[in-house]
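Just so you know, the sequences run in chain order A and B. For reference, each letter of the first sequence is one residue, going 495 to 577 in the numbering used here. For reference, each letter of the second sequence is one residue, going 147 to 391 in the numbering used here.
Everything labelled a hint here was simulated from the structure, so no lab data went into it. Wrong hints could be hidden among the right ones.
Chain B residues, not near chain A, derived (Cβ > 12 Å throughout) [what the hints assert, rightly or not]:
| # | residue |
| --- | --- |
| 1 | Leu221 |
| 2 | Gly288 |
| 3 | Ser319 |
| 4 | Leu340 |
| 5 | Ala356 |
Stretches of chain A that chain B covers, calculated by requiring three or more beta carbons in the stretch to come under 8 Å of a beta carbon on chain B [to be verified]:
| # | region |
| --- | --- |
| 6 | 532-541 |
| 7 | 546-556 |
| 8 | 559-572 |
Only a predicted model underlies this, so the values are computations on that prediction, with no experimental measurement involved. Every residue gets a Cβ at the ideal spot worked out from N, C-alpha and C, and that includes glycine.
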Amino acid sequence: MTQQIPTPAPSASAEPEGRASTFRAVEGGTETHSGTVLLVEAYAAIWLILMGWLFMLWRKQRGLHARLDDVERALDRALADKK
Amino acid sequence: MPVRPRSTASDVIFCALVAASTALFNATLALVFFSAPVEKTMGIVQKIFYFHVPSAYSMYLGAVACFVGSVGYLLTRSSLWDAVARAGAEIAVVFGAIVLVTGPLWAAKAWGYYWTWDPRLTTAMLSVLIYVAYLVLRAFAGDGEGEKRFSAALGVLGAANLPIIHFSVQKWSGQHPTVITAKGGGLQHPDMKLALTLSFVAFTLFVVAALWARVRLETAKNRLELAEEDLIDTGLGEDEQGADT
Chain A
495 MTQQIPTPAP
505 SASAEPEGRA
515 STFRAVEGGT
525 ETHSGTVLLV
535 EAYAAIWLIL
545 MGWLFMLWRK
555 QRGLHARLDD
565 VERALDRALA
575 DKK
Chain B
147 MPVRPRSTAS
157 DVIFCALVAA
167 STALFNATLA
177 LVFFSAPVEK
187 TMGIVQKIFY
197 FHVPSAYSMY
207 LGAVACFVGS
217 VGYLLTRSSL
227 WDAVARAGAE
237 IAVVFGAIVL
247 VTGPLWAAKA
257 WGYYWTWDPR
267 LTTAMLSVLI
277 YVAYLVLRAF
287 AGDGEGEKRF
297 SAALGVLGAA
307 NLPIIHFSVQ
317 KWSGQHPTVI
327 TAKGGGLQHP
337 DMKLALTLSF
347 VAFTLFVVAA
357 LWARVRLETA
367 KNRLELAEED
377 LIDTGLGEDE
387 QGADT
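So here's chain A without its partners, still in its complex pose (with noise of 0.2 Å):
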């Protein structure tokens, strides 16, 4: 029994008429990334992410003092009844 071996498809470079000799722009290609904008990207998302949970913390703390204002108030309003 005879194996048949595939022979390799004749390179598009081997022969001059075969290489690139235009450029053309398609959408969605091949990705690539600048290393500058990754970073200034990691280095922002590090500073949003931060900026939001301190935001998140300074709500809570405010929403604490309000509930601390109504407490106050209650405890005057039954000072002011007592006298």
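Since the structure of chain A is already known, use the hints to place chain B on it.
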């Protein structure tokens, strides 16, 4: 007239921690961008490393705090330990989010794609999701004794994933690099090592300060809830409750 609380020794230590971490963050940024050389293969994007790795370490610190607080709560039923666990889980989520955002941005350049189901990436994401589940449970299930115990159990179980994240690179094949090892690491330049070391110290101080502030906020909330309950029990807070609703 409201009484202004006097600053205590703990306030001074807290301010010193915040000031030290701010100064160290500035020094780290200066070292990373002006002193540490650009990496040969990956180029400038490798500089994400100086904040990506300490963020992962900070996530571990938060997760360990959550574990310690959860165990403490299960043993003592003290609300202080519960506050430590809750603060730790929040820190784990914040720094885990930083890791999960900065890692893919670095990978886009280094590997050519943002995400792959590599063992370390997958286990790290799983860990963050566990702590997100913890916080969602605490936010929506109420502050009853049963909910706190269930959350504490989740906090203990969540920590079981930490060694898996750490050793996944050595035990299973994957693409995540192993630059930081027990043998000293693969940073070739002294300025690279200095920048990373400073970053680790800055992140450690920041996590301690954040944990401290978060525990104090949680403790204040617990005390306020007790005061509100006392007011309602004595009939003083009924008007305020009615006004709110």
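Structure-based check of all given hints:
1. Here Leu221/B stays apart from chain A, with its beta-carbon at least about 27 Å from theirs, past the 12 Å limit.
2. Residue placement check: Gly288/B keeps its beta carbon more than 12 Å from all beta carbons of chain A (closest about 17 Å).
3. Taking the minimum C-beta to C-beta distance to chain A, about 25 Å, the non-interface status of Ser319/B holds against the 12 Å cut.
4. For Leu340/B, the requirement that its beta carbon stay farther than 12 Å from each beta carbon of chain A is met, with the minimum near 19 Å.
5. Remark: the non-interface label on Ala356/B conflicts with the geometry, its nearest Cβ contact in chain A lying 8 Å away (cut-off 12 Å).
6. Against chain B, the region 532-541 of chain A contributes 7 residues with a C-beta closer than 8 Å to a partner C-beta. That satisfies the three-residue criterion, and the hint holds.
7. Counting residues of the region 546-556 of chain A whose beta-carbon sits less than 8 Å from any beta-carbon of chain B gives 4, enough to reach three: the coverage restraint holds.
8. Counting residues of the region 559-572 of chain A whose CB lies closer than 8 Å to any CB of chain B gives 9, which reaches the minimum of 3, so the coverage claim holds.
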